[in-house]
Amino acid sequence: MLYTSKAVGEWLGITDRQVRNLRDQGVLSEVRPGVFDMKVCVRQYLNFKIGNKDDQARLVAARAEREETRGKIEKMRMEEAQGDLHRTEDVERALKTIFANFKNRLETIPTKYASTMAQLTDPAEAHDILQKAVQEALVELSDPEIALAAPAGEEPEDEQEE
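Here the sequence shown stands for residues 1 to 162, where the numbers follow full-length UniProt numbering.
It is worth saying that the hints were derived from the structure and are not from the lab.
As a list, the in silico DMTMM-like pairs of lysine to aspartate or glutamate whose alpha-carbon atoms are at most 25 Å apart: (1) Lys103 x Glu89; (2) Lys132 x Asp143; (3) Lys103 x Asp90; (4) Lys96 x Glu145; (5) Lys112 x Glu136; (6) Lys103 x Glu136; (7) Lys49 x Glu10; (8) Lys96 x Glu80; (9) Lys112 x Glu140; (10) Lys112 x Asp122; (11) Lys72 x Glu89; (12) Lys132 x Glu145; (13) Lys112 x Glu145; (14) Lys103 x Asp143; (15) Lys96 x Glu79; (16) Lys96 x Asp84; (17) Lys6 x Glu30; (18) Lys96 x Glu136; (19) Lys75 x Glu89; (20) Lys75 x Glu65; (21) Lys72 x Asp84; (22) Lys39 x Asp55; (23) Lys112 x Glu125; (24) Lys6 x Asp37; (25) Lys6 x Asp16; (26) Lys75 x Glu92; (27) Lys112 x Asp128; (28) Lys103 x Asp128; (29) Lys39 x Glu10; (30) Lys112 x Asp143; (31) Lys49 x Asp16; (32) Lys103 x Glu92.
Let's have the full structure, built from the sequences with the hints guiding it.
Put into structure tokens, the structure is as follows:
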């Protein structure tokens with residue numbers, strides 16, 4: 001059945017102007033200028049107001065994804081509080097400290113053994129002494145307490161902030 005925009009507005013509970021606006025937005029379609037098929041308009045208006053099933057499915061999926069993300073964030077916070085998860089900044093700081101200590105320890109080897117090396121004439125003996133020195137440094141640095149200790153001349157960052 002065909003109706004004017006005024007009649008469609010009365011059926012849908014909206015003004016004649018709102019019907020024309022919906023037509024201009026492409027929500028409602030006319031059979032010919034100023035004339036609407038009521039059956040088609042009711043369907044189009046309902047789809048506009050409540051959305052089609054695809055919109056509802058996308059909304060449900062988005063909500064589920066948001067809840068999953070919230071759950072992951074909460075789990076990460078709990079793991080961090082329990083000490084099972086570490087922040088990137090903390091890991092970076094620890095690695096920088098380890099590498100600085102490693103570098104400093106290895107740089108002391110030439111100074112420490114220079115006079116001994118100068119007196120040696122046997123390359124095999126020099127090799128053994130250097131091998132032993134490097135091995136000692138590696139064993140020492142394999143201890144986490146030593147490897148993570150603040151390098152000489154530096155204070156831990158926590159103490160610097162105070």
